[in-house]
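Student: This is what each chain is made of:
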Amino acid sequence: MKAVNKPISKIDGMGLVTGKPVYTDDLAPKDALIVKILRSPHAFAKMKDIDVSRALKVPGVECVLTWKDIPRIPFTRSGASFPEPASYDSYILDEYVRYVGDSVAIVAAVDEETAEKAMKMIKVDYEVFEPVIDFEKAIDHPSVIHPDHKNYKPNAIIHPNFDRNVACEYEYDWSKGDKGIDEIFAECDVVIENTTYNQAQEHAMMETHRSYTYKDMHGRLVIVSSTQVPFHVRRTVARSLGMTPDQVRVIKPRIGGGFGAKQNLQAEFYPAAVTMRTGKPAKMIFSRVENTICGTTRHRMRIDTKIGAMKDGTIRAIDMEVLSDQGAYGEHSKTTLAPAGYKTIPLYNKADAYRFHGYTAYTNLPTAGAFRGFGVTQGIFATESIVNKLAHELDMDPAVIREKNMLKEGETSVGFNLSTVFDDLSELQTAESCGLEQAVKRGKELIGWDEKFPKKEVSSSKVRGVGMALSMQGSGIPNIDSASATIRFQENGFFTLLLGATDIGTGSDTILKQIAADAIGISEDRIRVFSSDTDLTPFDVGAYASSTTYVTGNAVINAGKLAREELFKQAARLLETDVDSLEFDGDKFTDKKSGEVLDLEHMGTKLTYGKFQHQIEVTGSYVPYKAASPYMACFVEVEVDTETGIVEVPNMVGVVDCGTPINPKLAKVQTEGGLIQGLGLALIEKISYDSRGRMTTDSLMEYKIPSRDDIKTNLVVEFTDTYEPTGPYGAKSIGEIVLNPTPPAIQDAIYNATGIWLTDLPMTPEKVLKALKEKKNK
Amino acid sequence: MQIKLNINGSDKTLDVKPHEFLVEVLRENGYLGVKKGCETGNCGLCTILIDDKPVLSCSYLAVRAEGKKITTIEGVQAEAAEVGSFLVEEGVDQCGYCSPGLVMTIIGMKKEIENPTEDDIRNYLTNNLCRCTGYVGQLRAIKKLMGVE
Chain Y
1 MKAVNKPISK
11 IDGMGLVTGK
21 PVYTDDLAPK
31 DALIVKILRS
41 PHAFAKMKDI
51 DVSRALKVPG
61 VECVLTWKDI
71 PRIPFTRSGA
81 SFPEPASYDS
91 YILDEYVRYV
101 GDSVAIVAAV
111 DEETAEKAMK
121 MIKVDYEVFE
131 PVIDFEKAID
141 HPSVIHPDHK
151 NYKPNAIIHP
161 NFDRNVACEY
171 EYDWSKGDKG
181 IDEIFAECDV
191 VIENTTYNQA
201 QEHAMMETHR
211 SYTYKDMHGR
221 LVIVSSTQVP
231 FHVRRTVARS
241 LGMTPDQVRV
251 IKPRIGGGFG
261 AKQNLQAEFY
271 PAAVTMRTGK
281 PAKMIFSRVE
291 NTICGTTRHR
301 MRIDTKIGAM
311 KDGTIRAIDM
321 EVLSDQGAYG
331 EHSKTTLAPA
341 GYKTIPLYNK
351 ADAYRFHGYT
361 AYTNLPTAGA
371 FRGFGVTQGI
381 FATESIVNKL
391 AHELDMDPAV
401 IREKNMLKEG
411 ETSVGFNLST
421 VFDDLSELQT
431 AESCGLEQAV
441 KRGKELIGWD
451 EKFPKKEVSS
461 SKVRGVGMAL
471 SMQGSGIPNI
481 DSASATIRFQ
491 ENGFFTLLLG
501 ATDIGTGSDT
511 ILKQIAADAI
521 GISEDRIRVF
531 SSDTDLTPFD
541 VGAYASSTTY
551 VTGNAVINAG
561 KLAREELFKQ
571 AARLLETDVD
581 SLEFDGDKFT
591 DKKSGEVLDL
601 EHMGTKLTYG
611 KFQHQIEVTG
621 SYVPYKAASP
631 YMACFVEVEV
641 DTETGIVEVP
651 NMVGVVDCGT
661 PINPKLAKVQ
671 TEGGLIQGLG
681 LALIEKISYD
691 SRGRMTTDSL
701 MEYKIPSRDD
711 IKTNLVVEFT
721 DTYEPTGPYG
731 AKSIGEIVLN
741 PTPPAIQDAI
751 YNATGIWLTD
761 LPMTPEKVLK
771 ALKEKKNK
Chain W
1 MQIKLNINGS
11 DKTLDVKPHE
21 FLVEVLRENG
31 YLGVKKGCET
41 GNCGLCTILI
51 DDKPVLSCSY
61 LAVRAEGKKI
71 TTIEGVQAEA
81 AEVGSFLVEE
91 GVDQCGYCSP
101 GLVMTIIGMK
111 KEIENPTEDD
121 IRNYLTNNLC
131 RCTGYVGQLR
141 AIKKLMGVE
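Protein chains in written order, with full-length UniProt numbering: chain Y, 1 to 778; chain W, 1 to 149.
Worth flagging that the hints you see were computed from the coordinates, not collected in a lab. Treat the hints with care, since some could be wrong.
What the hints assert, rightly or not - DSBU-like mimics (lysine-lysine), calculated; alpha carbons at most 35 Å apart, straight line: (1) Y:K20 to W:K68; (2) W:K143 to Y:K30; (3) Y:K686 to W:K53; (4) Y:K778 to Y:K462; (5) Y:K456 to W:K144; (6) Y:K686 to W:K12; (7) Y:K452 to Y:K778; (8) Y:K20 to W:K4; (9) Y:K57 to Y:K179; (10) Y:K20 to Y:K441; (11) W:K144 to Y:K2; (12) W:K144 to Y:K452; (13) Y:K704 to W:K17; (14) Y:K455 to Y:K441; (15) Y:K665 to W:K110; (16) W:K17 to Y:K123; (17) W:K68 to Y:K30; (18) Y:K6 to W:K110; (19) Y:K606 to Y:K592; (20) Y:K117 to W:K111; (21) Y:K455 to W:K69; (22) W:K17 to Y:K280; (23) Y:K665 to Y:K606; (24) W:K53 to Y:K712; (25) W:K111 to Y:K20; (26) Y:K665 to W:K68; (27) W:K17 to Y:K57; (28) W:K12 to Y:K117; (29) Y:K452 to W:K17; (30) Y:K117 to Y:K179; (31) W:K110 to Y:K20; (32) W:K12 to Y:K712; (33) Y:K686 to Y:K704; (34) Y:K215 to W:K17; (35) Y:K120 to W:K17; (36) Y:K215 to Y:K306; (37) Y:K408 to Y:K455; (38) W:K53 to Y:K665.
Fair warning: this is a prediction, and the values are worked out from it, not measured in the lab.
Chain Y with its partners taken away, still in its complex shape (with noise of 0.2 Å):
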């Protein structure tokens, strides 16, 4: 009767596959005035003047606002939690625009049409700055991107430095014993260096973002949102236009999608201040190209990376120095490049030293933002990557260096602690439960890897390669994260979970269901699942950092225990005994000691209605405090055209240590999903600007995810024995570690199949055909 580690569906699938109307735009009312954002056309500049007297005069206009209207308040659209590892640096509206697409002014009109029609009403008069448009020229370039700062509220812990572009500085150097780092590069008999660039890549969330807003019969604010973190919303909006977060509340429907996007506030602010202030309904949908170019995008990042080691193969120390493109304003900032280091080191954990010393850069450009695997993608691009080039120079087997040193089950990294306690490191936490070796055999078995290694002729101009990599990332943020839950037990023996956990698809809703049954030890069939309402539902920092199943599910367990208990509580009042001499089969209690029967029916109605009214209503809570990440290795075949570049993958295995899956139906079909947009990050995705820094590839048109006719790929998916005792049931997460694999293993791969190693993302057939030449040419 146990319901986790069930295949179960999606309980709120049927309504989503039958078209059931219940996402944002589909539940908005129908008066609400329409917003629309008049969008800078420059990079960089700042507004002398702007003139909305015309558009004001547009019959249906209700207000135009700009930025002499909104209330001074710097803060951070980060959507992290309290307080936001960010400077703030933003305002809803600015005299400055910082990238094309940066907001000018608010439009608020009766319709589309007409709030179109006063937007080209509005006259701006700009004084057009330089823009910084390369990531590796910004820091320290003429323009300085940030130059009004002393208005900002600066994040110290970050050490921004708005003067030279720097939106953060980040480093550590660390040594098991007295020997630092250079030292032990000399004394390695291999040191080889590789730089890798990943490129901005889009979230390309069906869904676009969209927020409607109106104000309650008390006057209060009532945001109904497209996000991904519904508390970050109340205190962050409250903050950006001089309010507190009591007067706000934020109700989330059903989510199209978000994979980090939706962390980031977007849609928020812009039908909030025309609700503030015309007291009526409004509410903005943002367009693709709005979504394309006014969304977040994955930071691009250059990692130079060193690696020293022993002829055996013995890997001793890693360096890396990371530059990352932060865009216009410092979101996540640290938060994504700190992980590319700490969370990617733990893989090796037996070196003598680790290094790490980066940047983000201000650029004008789109700012970067949360994306699925948050920093940890690009780190594993650059560490796998490295690792599988120390086999090539060592020629080793990839599969047996990684054997040779990898992180086991009950050993140490000081990667856990940077990532956990900060800078405690004198003691170093444990891997308690780790998978890697499992997942390393079984995914050679799966893909054939002692046949197939290196590659094979398929005809004169098709070769197959293989190649792999190995992936991690965390649990929730230890020491920050945190979340809870509440089980309320119903007339007729039903049970509620609210949660302030974000489903967006992931099928949260779900698998919390199946842990809160195991815990209160009843039916999943009992339970009715309804999140997240800031106003009705508990807190919960939200869907993001791979925390839900793991810190949410530890909450879910925690009220679930405290329901079980009432339970007894109130069954041994209600059958006049004592809670000992009570059993529970899950649907009813018998009392030993009479032989008398209450059901859980009976009860419910019982404590709900007359004289013995009693409503059970739990919270539980959670804070993390272990990395407890998960693993896994991702094995790919590939197969190079070397006539046209093109590079199909017939096959890709995964192998998950993600603890125990609470419900393996849904890890598999998320790991799934990872693996392909981690595919479309490899070979297929790019955001282009031009040299103004106008984004070219503006709609799903011009910037191409994978479609169907894209994959063809036999795709294994299989999940360790592992069980991590901190987990909810030995859970750990799932969400962003198998996005991370794909590109170092396909970049390998490629290098089996043909000796050409690419290490700018994307690996297009372009890229391909070029250094075939260049290589034919050698």
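Fit chain W to the supplied structure of chain Y, relying on the hints for placement.
Tutor: Just chain W, lined up with the frame of chain Y:
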């Protein structure tokens, strides 16, 4: 201007603007299962049936629908539930935002192709994007639905 059309079996007279696309008109009139995902005819979210063939309602002027038989997911709930149950059973509903358009295209495919191959399925549905599943699980579900080995 006014157009006469048949939506989900009922004759309707609707007020439309000459430049309005069908997706807007349908959503304004309460057919909210029709979703919008792009403005360029790339994503397939707005797929409906016009005279039983899948059509992107974002690229179809409402005035062109004069006299035509329009089917939205609201009009084929039983069939959508049948097709959708295969998606849900495989766990590929995920965020669900692309599902109504995908389900409508599958319903169209079922009418047109009796015994599709794996490639037929991929080709027929290639205009229906999905960012969550990576398509492989959806293919498993659709093959089961269509009885493809």
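Student: Hinted pair, alpha-carbon criterion (35 Å max): Y:K686, Y:K704. Please report holds or violated.
Tutor: holds, 8 Å
Student: Tell me if the straight-line CA distance from W:K17 to Y:K123 falls inside 35 Å.
Tutor: holds, 29 Å
Student: Holds or violated: are the alpha carbons of Y:K215 and Y:K306 at most 35 Å from each other?
Tutor: This hinted pair is violated, its Cα atoms lying about 56 Å apart.
Student: Taking 35 Å as the top limit, are the C-alpha atoms of Y:K686 and W:K53 close enough?
Tutor: holds, 34 Å
Student: W:K53 and Y:K712: Cα distance at most 35 Å?
Tutor: holds, 26 Å
Student: Hey, Y:K606 versus Y:K592, does the alpha-carbon distance stay inside 35 Å?
Tutor: Holds. Y:K606 to Y:K592 sits at ~21 Å (cutoff 35 Å).
Student: Does W:K144 pair with Y:K2 here, judged by a C-alpha cut-off of 35 Å?
Tutor: Since the Cα atoms of W:K144 and Y:K2 sit roughly 28 Å apart, the hinted pair holds (cutoff 35 Å).
Student: Would you check the hint for Y:K20 and W:K4, treating anything up to 35 Å between C-alpha atoms as holding?
Tutor: Cα-Cα ~26 Å, so holds.
Student: For the pair supplied as a hint, W:K12 and Y:K712, is the alpha-carbon distance within the 35 Å limit?
Tutor: violated, 43 Å
Student: For the pair supplied as a hint, Y:K452 and Y:K778, confirm whether the alpha-carbon distance does not exceed 35 Å.
Tutor: Holds. Y:K452 to Y:K778 sits at ~27 Å (cutoff 35 Å).
Student: Between the alpha carbons of W:K110 and Y:K20, is the straight-line distance 35 Å or under?
Tutor: holds, 22 Å
Student: So if I understand the rule, the pair passes when the alpha-carbon distance is 35 Å or less; does Y:K456 with W:K144 pass?
Tutor: holds, 33 Å
The structure fails to meet hints 2, 6, 9, 10, 20, 21, 23, 26, 29, 30, 32 and 36 from the earlier list, while all remaining hints are met.
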